[in-house]
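Can you join these two chains into the complex? Each is in its own frame, and there are hints to help.
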Amino acid sequence: MRPLSYFILAYIALGLQAGIARAMEWNTAGPNFVLLAVVFIALNAPRDTALLACFGLGAMQDLASGGSLGLFAFSYGLVALFIVAVQQAVYRRHPATHFMLVLIAGVLISVVLAIHGWLRPPGAEESAGGQHLAAVHAPVLPLFYTAVYSAILAPFVLGGLQRISRVFRFRSARRRM
Amino acid sequence: MSLRFSQTFFALMILSFFSAFVLPQRLTDLGRTQFATLLIPISRPTYLIAGAIRAHFVHEPSEDTRAAQAIEQENLVLRQKVLVMAAEIDRLEQRAGEREQLGGVERLCSRFEVAGTDSDNHEGLTITGSGLGAVHVDQPVLSSATVVDLIGRVDRVGSLTAHVILVTDAGFTVTGHFFSVSASGAEENTNLMAIVRGQGNGNMAISNLPFEIVKRNVREGDWIVLADDRWPQLHGVRIGRVALIQRLPSQSLFAEINLAPEASLTHPSDVWVMTRRQ
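Chains A and B supply the protein sequences, listed in that same order. In terms of the working numbering, the first sequence is residues 16 to 192. In terms of the working numbering, the second sequence is residues 10 to 287.
Just chain B, same shape as in the assembly (with noise of 0.2 Å):
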């Protein structure tokens, strides 16, 4: 190795490694959104048949390990409701004037494909699609399954897509309710006001409310939603499912809830981003 090239090459060392470990992020951050448009030749064919292939042999698992009668009776209390609704579209249906009002969450939002995901160790999707120019950093961002759920907010925004940081990449924050389904009907708990945290690798986790009143308000089963000053149309909206209460370690007069969400989030064809407030 010639001295020249030996001390350029440890020199371009040392900078990266001052850039990783000790300058702050802000001050690295180079709007790097665009070099992960140059992939998207690529990364959105495979990640579509890759999507495909997943899809056919893996069929994501509906992790309730609630007993057999509490699923049997949030079904009953569920079909009731179904019911209940089920008449009051009908209602709605005969007055044409208030049908726009019933469009919900998605008339806020619009739909955006999924190009790829995170290269390294962090969860995150880069999403593409026309309409990006009403896209911006803080959005949130839904599922566009069935079942709507917040899966994370746009964190970076470049011309021709965007980054997405899942609600299950570590250190991201969001404050939710439970809410919880019995044979009393569903109700959400306005009392406690939790602060969600994901911790990486798919999970997320509720560490700030003291054990002795989880014990007494949520149990296994129940849902946490969306009760975020930033996003106040999506009230409501889920965010996971409560897996597994537990002491925490470190502080045992805490709580640690571990959080499931609805399905994995690496594997989305497309996502919706609200981009309008009203």
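Just chain A, with the same shape it has in the complex (with noise of 0.2 Å):
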């Protein structure tokens, strides 16, 4: 795979999540352009290369986030263990196959952030008036919503990505291996 090419896909992944996820929330969830990123590499990149590129990718959400460090990249790690595991056996090309890789990875990484969010909560270890605070669990069901409202963009998104897919160089990468 072409670094250049990965590098300008994920800053643009990066900058549109900064830029407009929030503008295009419904029920306080926004969509995940940086989930879509990671399943397209993870569905066309040869095995070795995807799983780097992806956790690549969470760990440059990580460091443009103010959330705990290490937590998307590990997320986007999983879901490219899984996608890297089936793509022989999808059609690449098909939206319902982008359909449903996405919605399976956005569950996944629902699942990790929920997972997170209970055991290491924000706001357990403060005080405020003189009386010990008691930890903020936020509610988890927006994060399912983000994982159907990508799942929804991404016939469009990965549709139109599978068609510049070229400029990745995925094919002369697997063939090398």
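Hints were generated in silico from the structure; no laboratory data involved. Accuracy of the hints is not assured; some may be wrong.
Stated by the list, open to error - Covered stretches of chain A, going by a simulated chain B footprint (3 or more residues, C-beta under 8 Å):
no.: 1; region: 19-29
no.: 2; region: 32-38
no.: 3; region: 68-78
no.: 4; region: 81-88
no.: 5; region: 120-134
no.: 6; region: 153-165
For glycine and all other residues, C-beta sits at the position ideal for the given N, C-alpha and C.
Here you go:
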């Protein structure tokens, strides 16, 4: 895979996530553009490249956000492990494939984020007005809405990316293997 | 998958797992605001375009569930207050020397543009603009709308951008008083110190007050205003409106008061940061 194409895709996905994901919110859940990029790469790139590239995308999202460092890197690593295991068995260009893979990947990430939110809730060690405050457990349903929202967008975004997949040179990398 | 690559990848996965789930966040915080700066060429224009499109199609509803009579009563009181204030402004305008004192909190603040929002499930803004040298961690951030509200505080500062954590982000904590408007006038209840906490997904809640006391003193539609020792200059600035009062499910003797912010906080085009203390 071409590193330059990968970094441009990562840059655009992260920029869109910071720029327009909140404006596209429905019921406090917005799409995850980085997840779409992760599924695209995991679906097309050779196994080793896909795992490392998806982990790298997660690490970049961790760096661009204020949450726990490594959370998205770990989540996207898991997603990549799942998708590279099935990439030979699915029809890469079919919209139903895009929808299902992004939905499953989104649910997987939602589960990881929900467990993280449960184990390490924000504000657990704070006090105010002389009172020790209990941790805040944010609702988890919006995480799953995000998975569904991203899955609905997947056929359009991944369909478009598949049309320009030549610029990533996935095929030549696969032949060399 | 080659054995060597496999070992490297799983080592990275284990490292990221420990970083996310085990290590304290203060150990893994690498001053990540700098990375968000790199995204501004994409995030800022898309944020502005999306904001313009959203403003065209989505009109923020004013979620006021009170009876029409209560709203009319409040309007009457506010109209009287406007008349009193108009007279006061006329008097002050004649005294040019005192005009500076009318500046309010804005004179303590600097304006910054919003370049993007958080890309994970947290609620925050990335702000940019000239004068970031005066921005420091824990400075309060106010909305730049016609009504000034507290919307968050600065939690990280970089050389070109700063990150603002919003009041609705899970775990955000601030103290305030209830402010009610009735036929007898507007009154701040200084006897009840409410601890407002962000709940995520655009919500805030108060759960430190006994239900019976809340039932006697607080009504849906009341305002919660800032009364926090960290920012005494902003005493009285609005945080949100009481949307729902119910018993706390886990401790029924306490009340759970859900608050609604004045408007959605994740779409402002610019914000005020209180960079000066006086």
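Verification of the hints:
1. Residues of the region 19-29 of chain A lying with their CB closer than 8 Å to a CB of chain B number 3, which satisfies the three-residue condition for coverage.
2. Beta-carbon proximity to chain B at under 8 Å applies to 7 residues in the region 32-38 of chain A; the threshold of 3 is reached and the given coverage holds.
3. Check result for the region 68-78 of chain A against chain B: holds, 7 residues qualifying (beta carbon to beta carbon below 8 Å, three or more required).
4. Residues of the region 81-88 of chain A lying with their CB closer than 8 Å to a CB of chain B number 8, which satisfies the three-residue condition for coverage.
5. Coverage of a stretch by a chain is defined here by at least three residues with a beta carbon nearer than 8 Å to that chain's beta carbons; for the region 120-134 of chain A and chain B the count is 4, and the condition holds.
6. Counting residues of the region 153-165 of chain A whose CB lies closer than 8 Å to any CB of chain B gives 5, which reaches the minimum of 3, so the coverage claim holds.
Taken one by one, the earlier hints all hold for this structure without exception.
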